[in-house]
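Protein chains in written order, with our numbering: chain C, 1 to 488; chain U, 1 to 490; chain Z, 1 to 101.
Treat the hints as calculated values from the structure; they're not laboratory data. What you are looking at is a predicted structure, and each value in this text was computed from that prediction instead of being measured. Glycine included, each C-beta is placed from N, C-alpha and C at the ideal position. There could be a bad hint or two in this list.
One-sided and incomplete, this derived list gives chain Z residues near chain C with beta-carbon spacing under 7 Å [as the list claims (entries may be wrong)]:
#, residue
1, 12
2, 18
3, 31
4, 34
5, 38
6, 39
7, 45
8, 47
9, 51
10, 55
11, 56
12, 57
13, 80
14, 89
15, 92
16, 94
So the chains spell out like this:
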Amino acid sequence: MSEPLATLASMREALDAGAASSVDLVEGCLARARAAQDALHAFAGLREEGARAEAAAADARRASGARRSPLDGLPVAIKDNMVQTGEPTTCASRILEGFVSPYAATVVERLERAGAIPIGRTNMDEFAMGSSTEHSVYGAARNPWDRARTPGGSSGGSAAAVAAGLVPGALGSDTGGSIRQPASLSGVVGLKPTYGRVSRWGLVAFASSLDQIGVMAHTAADCAWLLEAIAGHDPRDSTSLPEPVPRYGETLDGDVSGLVLGLPREYFVEEGVDPEVLSTVRAAVSELERAGAKLREVSLPHTRYAVATYYLIATAEASSNLARYDGVRYGHRAAGVRDLTEMYHRTRSEGFGAEVKRRIVLGTYVLSAGYYDAYYRKAQQVRTLLRRDFEEAFRGCDAIATPTTPETAFRIGSKTADPLTMYLSDVYTVSANLAGIPGISVPCGFAQGLPVGLQLLGRVLDEATLLRIADAFQARTDHHARRPAEAP
Amino acid sequence: MSALHSDTEVVIGLEVHAQLRTESKLFSPAPVTYGEPPNHSVHPICLALPGVLPVLNERAVTFAIRTALATHGAVHVRSVFARKNYFYPDLPKGYQISQYEDPIATGGWIEIPVGDGEGDAATRRIGLTRIHMEEDAGKSIHDSDITGRDATHVDLNRSGVPLLEIVSEPELRSPAEASAYLRALRSILRYIEVSDADMEKGHFRCDANVSLRRRGETRLGTRTELKNLNSFRFVEDALDAEIQRQAAVLDAGGTVQQATLAYDPDQHRTRVLRIKENADDYRYFPDPDLVPLVLSDEQIERVRAELPELADRKCERFRSQFGLSLYDARLLTASRQLADFFEAAAAIHGQPKPVTNWLLRDVLQALREQGREIEDAAITPAALAALIRLVDEGRTTAGSARGLIPELVERGGDPEAMVRERGLEAVSDAGVLEGVVDEVLSAQAEHVQRYRAGEKQVLNFLMGQVMRRTGGKANAARVRELLAGKLDDR
Amino acid sequence: MPRITRAEVERVAVLARLSVSDEEADRLAVELDELLEYVETLRQVDTRDVEPTSHVIPLATPMREDRAVPGIDPELALANAPERQGTAFVVPKVIDGEDGG
Ligand SMILES: [Mg+2]
Ligand SMILES: [Zn+2]
Chain C
1 MSEPLATLAS
11 MREALDAGAA
21 SSVDLVEGCL
31 ARARAAQDAL
41 HAFAGLREEG
51 ARAEAAAADA
61 RRASGARRSP
71 LDGLPVAIKD
81 NMVQTGEPTT
91 CASRILEGFV
101 SPYAATVVER
111 LERAGAIPIG
121 RTNMDEFAMG
131 SSTEHSVYGA
141 ARNPWDRART
151 PGGSSGGSAA
161 AVAAGLVPGA
171 LGSDTGGSIR
181 QPASLSGVVG
191 LKPTYGRVSR
201 WGLVAFASSL
211 DQIGVMAHTA
221 ADCAWLLEAI
231 AGHDPRDSTS
241 LPEPVPRYGE
251 TLDGDVSGLV
261 LGLPREYFVE
271 EGVDPEVLST
281 VRAAVSELER
291 AGAKLREVSL
301 PHTRYAVATY
311 YLIATAEASS
321 NLARYDGVRY
331 GHRAAGVRDL
341 TEMYHRTRSE
351 GFGAEVKRRI
361 VLGTYVLSAG
371 YYDAYYRKAQ
381 QVRTLLRRDF
391 EEAFRGCDAI
401 ATPTTPETAF
411 RIGSKTADPL
421 TMYLSDVYTV
431 SANLAGIPGI
441 SVPCGFAQGL
451 PVGLQLLGRV
461 LDEATLLRIA
471 DAFQARTDHH
481 ARRPAEAP
Chain U
1 MSALHSDTEV
11 VIGLEVHAQL
21 RTESKLFSPA
31 PVTYGEPPNH
41 SVHPICLALP
51 GVLPVLNERA
61 VTFAIRTALA
71 THGAVHVRSV
81 FARKNYFYPD
91 LPKGYQISQY
101 EDPIATGGWI
111 EIPVGDGEGD
121 AATRRIGLTR
131 IHMEEDAGKS
141 IHDSDITGRD
151 ATHVDLNRSG
161 VPLLEIVSEP
171 ELRSPAEASA
181 YLRALRSILR
191 YIEVSDADME
201 KGHFRCDANV
211 SLRRRGETRL
221 GTRTELKNLN
231 SFRFVEDALD
241 AEIQRQAAVL
251 DAGGTVQQAT
261 LAYDPDQHRT
271 RVLRIKENAD
281 DYRYFPDPDL
291 VPLVLSDEQI
301 ERVRAELPEL
311 ADRKCERFRS
321 QFGLSLYDAR
331 LLTASRQLAD
341 FFEAAAAIHG
351 QPKPVTNWLL
361 RDVLQALREQ
371 GREIEDAAIT
381 PAALAALIRL
391 VDEGRTTAGS
401 ARGLIPELVE
411 RGGDPEAMVR
421 ERGLEAVSDA
431 GVLEGVVDEV
441 LSAQAEHVQR
451 YRAGEKQVLN
461 FLMGQVMRRT
471 GGKANAARVR
481 ELLAGKLDDR
Chain Z
1 MPRITRAEVE
11 RVAVLARLSV
21 SDEEADRLAV
31 ELDELLEYVE
41 TLRQVDTRDV
51 EPTSHVIPLA
61 TPMREDRAVP
71 GIDPELALAN
81 APERQGTAFV
91 VPKVIDGEDG
101 G
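Could you build all of it, start to finish, from the sequences and the hints given here?
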């Protein structure tokens with residue numbers, strides 16, 4: 001049982017070699033997911049029948065030589081905030097209790113077109129609001145490296161499922177770090193693409209100008225395949241970029257010589273960061289230098305304002321995006337209400353959890369009469385300055401390296417009482433969302449036995465460089481191949 | 001109007017919501033329909049399902065630009081869609097996508113006739129504040145005959161239908177002017193074919209802001225808002241009632257409270273719906289799902305080039321090209337379809353004057369009686385021209401021709417065949433006519449004497465007698481000739 | 001002095017159609033006050049003449065051709081409805097004064 005966890009690549013090899021069928025792979029994932037559910041709460045729901053039928057169909061395609069893509073027949077998991085036709089989507093919220101979508105997200109359609117098989121919906125913080133996957137109607141997800149700890153969030157279910165080997169790859173969404181932070185805390189690779197690279201059609205909105213769907217897997221190469229399958233222009237999303245999608249997999253040549261890596265001075269300060277995390281990230285950067293990358297210090301002077309800017313913009317947009325959950329057309333409606341006003345108030349108060357309500361109230365407040373300019377408009381202006389910081393920095397480097405998180409996985413329950421402390425754990429990740437640039441977190445070592453992530457940030461639409469650096473790093477290291485002791 | 005002092009000035013501004021004539025909704029591909037059962041014209045976007053996103057309808061944008069150009073407004077190359085946040089069961093997203101700080105157009109004006117509209121009547125320009133695009137809400141059905149007790153039904157067929165909101169400056173000074181403004185605006189929207197502007201179907205809805213002030217005062221008084229004035233009649237009556245109510249409040253030394261009101265036509269009274277204690281807090285912000293709408297100058301110019309000739313321009317051209325009076329030209333150009341009909345008929349017939357007369361007098365009367373517009377009448381310009389020519393050529397009489405108009409309007413037909421089949425050909429046979437003329441002259445000896453004594457107008461009386469005896473079918477020119485010949489030749 | 005009072009929390013909760021108990025309102029006032037204190041750091045940033053960023057992508061809004069596709073099956077549209085009658089959604093009676101727009 002000590003062989004490395006299966007990757008999408010190793011599963012495809014098994015299919016190609018005839019060593020396994022797609023049905024075998026899917027059954028294996030379903031069995032592991034079921035077995036681990038009580039311990040990890042990685043899933044919000046499994047899609048057993050549909051997945052089995054699709055696996056059988058994929059095997060038939062393969063037998064007739066009509067493979068749809070390199071992902072054909074491979075199992076994946078999808079965060080519970082992307083809709084699938086005829087399947088529930090709840091965003092881990094009581095307010096979407098019982099909701100079954102009559103339509104599919106673009107990413108779901110594209111995975112299907114590629115032949116990938118969604119085996120279930122992964123657990124998350126309610127409406128993606130959180131950094132620990134504790135705010136969920138399905139119970140707190142747990143970190144496979146230490147079940148007393150969180151896998152991070154909000155895509156904690158996807159991270160835990162991949163880290164524990166329940167499924168080789170998963171989709172997540174990242175509004176302020178919700179892919180990269182759990183990837184870092186759970187020891188997997190997580191990529192947030194450029195804003196607009198992946199269609200948001202069918203992604204349940206949290207903060208529309210920041211939300212982006214991305215991918216999680218053990219290796220950069222697996223992420224490249226997944227991204228290639230889901231990326232690209234979608235006329236149903238007005239913020240989708242009409243740019244061609246590179247063949248990401250083909251640019252992974254292990255060569256980073258000559259690439260300039262920027263090290264932002266503001267991210268490598270001792271204050272507020274676990275020293276062992278920092279030294280592990282520094283060591284990873286040195287490894288890349290040995291691989292031929294050049295290092296250069298850069299400056300992102302507005303970094304210290306990023307979290308405040310992020311929380312103002314994200315909560316304002318969320319307060320509006322979550323107004324549709326009103327008990328009229330779908331989802332939870334409070335019982336025994338006498339009039340409309342009571343229906344609204346009780347439905348929403350019963351349906352939303354404490355963190356979501358907190359953010360709705362904050363967001364409503366910052367948009368309300370008299371406060372808009374002081375808070376919302378001000379935050380949008382600082383957002384402009386943060387974008388300019390990156391534009392300036394990328395004049396002197398090809399990618400930026402930072403820690404993904406200031407510390408390793410924290411204990412469940414340790415931050416829920418103090419929202420601000422929880423928010424500050426996003427300090428290294430939110431800037432990429434505010435600037436719209438891509439970011440990836442790669443496992444780069446361990447601190448006190450827990451995974452540490454290296455974050456790489458890239459130029460707009462330059463996911464290829466991030467994948468290439470991450471792949472080169474993984475080719476020289478084996479952090480990603482270690483498996484958690486507690487994995488089932 | 002009794003309560004209104006002569007030194008009191010009425011200030012009215014109108015907000016019109018006009019439904020655009022698109023096939024699909026503003027941000028959703030669902031069809032725009034009318035009269036479908038509830039929720040039969042909806043898409044996940046109209047239901048605000050989790051995960052849906054808006055994509056803007058290009059034709060709606062073209063229509064907005066066209067409207068702004070037709071009303072002399074400035075089209076902005078950059079405009080922004082914002083969210084107007086409020087809760088209501090027929091507002092599925094919990095916000096309406098509208099334009100707020102940066103609308104697609106500002107400024108411009110609409111010309112309205114003032115006075116009685118006769119002769120060379122004066123016109124007045126009413127300024128426009130802005131024109132913006134927004135989506136309609138769904139429909140809440142409160143009628144307890146349908147819903148039962150304690151329930152409201154929600155139908156989202158209308159949710160997302162594209163609207164243009166056209167806001168006037170507070171420059172209207174009477175209910176009659178408000179009504180004239182609405183008629184002029186509706187005529188423009190129909191001219192440029194951006195809206196059917198059918199009030200009964202809710203394509204053209206009006207809210208009015210009303211306040212009173214002393215003449216000479218430049219500040220506005222406290223205004224109230226009248227909602228949902230859905231016919232021209234209703235607009236005038238409601239404004240009249242509200243003006244009287246405000247005047248009475250002010251007369252009694254009171255102050256007008258800012259409020260939203262509805263009009264009760266049965267009692268001819270306005271009723272307060274809600275008092276606006278402080279401004280509504282709609283928490284507008286730019287919609288992050290829609291980036292700014294950016295237009296190129298070429299796009300705007302393309303729309304301008306396709307703009308049809310508008311009523312005022314057409315009216316002037318009709319006067320100079322056809323020598324029509326202002327009054328006639330205005331009537332003919334009140335609707336684009338009527339103007340087009342006239343031009344086509346005049347071209348076929350060759351003479352604008354008789355065509356004008358027949359159209360404005362006889363055809364319009366038939367249309368009125370049948371409750372039709374020219375575009376849904378069966379008469380063609382060629383048929384009208386042919387009918388007039390039959391009269392010109394003396395092949396039928398004006399009276400017979402007039403009698404055919406209602407049928408032509410209702411069912412259409414070939415005037416020549418109709419005249420023939422119904423025996424309405426004018427009697428021109430000299431032998432027949434001479435016999436009738438002789439009969440009349442001998443029966444009316446007294447009139448013959450008066451004519452010969454110099455009362456030449458008696459000829460008309462004698463002609464009438466001949467026409468009567470021929471059942472109106474005598475060729476009038478021939479009769480006149482015969483009568484004159486016999487009377488003058490003794 | 002707190003940046004946000006309990007009364008303001010209650011006003012905002014009504015705008016957001018959330019009912020909050022007295023204890024919740026007290027707690028939210030404290031939490032939001034702490035968050036607002038934190039975001040006050042933005043005041044230090046000079047943003048004169050800085051354009052606000054609403055969108056990071058440098059695109060003009062794309063438009064779609066005005067082509068209608070048939071609506072979805074009304075049964076599908078109503079499938080998730082908490083309460084329906086025929087093909088209409090049903091909500092408790094709207095009382096006068098609840099008019100939102
Ligand atoms: Mg308005
Ligand atoms: Zn409006």
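Evaluated hints:
1. 12: With a closest approach of 5 Å, the residue 12(Z) hint holds.
2. 18: Since chain C brings a Cβ to about 5 Å from residue 18(Z), closer than 7 Å, the hint holds.
3. 31: Nearest chain C Cβ about 6 Å off; hint holds.
4. 34: holds, 6 Å
5. 38: holds, 6 Å
6. 39: holds, 4 Å
7. 45: holds, 5 Å
8. 47: holds, 4 Å
9. 51: Holds. Min distance 6 Å.
10. 55: holds, 6 Å
11. 56: Holds, because the Cβ-Cβ distance from residue 56(Z) to chain C comes to roughly 3 Å (cut-off 7 Å).
12. 57: holds, 5 Å
13. 80: The hint holds - residue 80(Z) has a Cβ within 7 Å of chain C, the shortest such distance being about 3 Å.
14. 89: This hint holds: residue 89(Z) lies near chain C, its Cβ roughly 6 Å from the closest one there, short of 7 Å.
15. 92: With a closest approach of 5 Å, the residue 92(Z) hint holds.
16. 94: With a closest approach of 5 Å, the residue 94(Z) hint holds.
Going through the hint list in order, the structure satisfies each hint without exception.
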